[in-house]
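Enquirer: Chains as they are written, first to last, in the working numbering: chain B, 1 to 292; chain D, 1 to 173.
No lab work stands behind these hints: they were computed from the structure.
Every residue, glycine too, gets a C-beta built ideally from N, C-alpha and C.
Be careful, since some hints might not be right.
[Said to hold, decoys possible] Quick partial rundown of chain D residues pointing at chain B, CB under 7 Å, derived from the structure:
(1) Ile60
(2) Ile78
(3) Ile121
(4) Gly123
(5) Pro125
(6) Leu132
(7) Tyr133
(8) Ala137
(9) Phe143
(10) Tyr147
(11) Gln151
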Amino acid sequence: MEFFLQLLVNGVCIGLLYGISAMGFVMIFKSSSVLNFAHGELLALGAFFFLSLVTWAQLPVYVAFILTMIGCFILGFLIERFFLRPLIGEKLIFVIMLTVGLAAMFKGFILLVWGGNLHTYPEFLPPSMAMQFGSIYVAPAYSATLIISVVFLILFGLFFKKSSQGIYMRSVADNQKAALSLGVHVRRVFALSWAIAALVACMSGIVLGIINGVNVHDLSSIGLKVFPVVILGGLDSIGGAIIGGIIIGLLETFTGGYLSPSLRDVVPYIVLVFILMVKPYGLFGLVEIERV
Amino acid sequence: MKKLSFHSCGNYRETYEQELNIFETDFGRLWMMIFLGVLFFVAPFVLSPYMLYILNTIGIAAIAAIGLNILIGYTGQISLGHGAFFGVGAYAAAILATRLGVGFYLAIPAAGIITALVGMIFGIPSGRLKGLYLTIATLAGQFIIEYVLIQWESLTKGTMGITCPLRKYSAGR
């Protein structure tokens, strides 16, 4: 029972992280229907920027965190401006190959600058952040994850509900042509959605780095794990991404705990194939898929 | 005398044969012949072993790309799991050669057939899905095949890999 509860807590924390990184992915897909295969590399870039700012530049953690987020926001903006905008309206294969190429480029850049080794952040989370419920221990990194994800969920909820930019983004996601004809600056919305997605990705990269250490290969493979999450939750549902993330996180930790640790990494993809065969639009997605 | 063909200044193709034509112009055919001649009759005697190794790698990648061309180019199904089939073929050939002692010329086509069977299993989703969803399904297939190849240790020797018996082509080297 104890083991079960411990796995449950860990699974929910990891799942929330998956959910948050999937949220950025869904945001891009929703507004511009681009599948971003470079999401894991964005995650890794954020984690490595933060690493450099903390260890090389010796900045205080809060300053480094904010600087990284600003940097990733700008990076997302630039990616959209220089790489994605020329391809608006092009065929699916070109856009997919572009993001695959971006992924390879970023990965190469990271390997060039930081190398392929495992780096770790200096300990900066206070040990008092660890939580203890009876016999269940929640490590500081996990409770930080919990706090950060809840804070960002609330922030994004408010952004999409209240701010005018958020409402523009929702309108573009709902119906691009109608939004365009009502005077929404669709290109700005595309750029903003990439910027926000990069910001969210870098944040989840930093938290993953705190939990697992910073390594290009691990972080970029988490970018691909976004796919089971978004398919499970529905490709165009932000709330679905969070719930899908939690389900996948729980599934992973339980498989790792009860069955075998090696099966842990492949279970999400088996689930992915199963869902695609049974319910391709996911739990909360818009039902509009065509069958061949 | 035969009339030479040049690139037309538009798309005037009328039949599927014209669409699939590899050499659109006679010059293209000529240069390809010259290239192949140089590649097979000059290059092996002139280039260093390392350059030959690179040329071989190019050729191998080209064979794999032909498979991808059939999928993406002719049928419009984007596959991101192509590398997994590459691996299945390699493992099939290696297992046939080391475990069963099958000869080189039999092992290669047999590996192709085995990979085709595996491809049929992973092609099932393509009967139901299209576009983005199919792309994601092929990505999942890649991970599942990779997992099976690494974890089925009794057959594939896991991460150790299998060393193929090298066929001696030249006694001199």
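Enquirer: What hint numbers does the structure not satisfy?
Expert: Checked against the structure, the hints that fail are numbers 1, 3 and 4, while the rest are satisfied.
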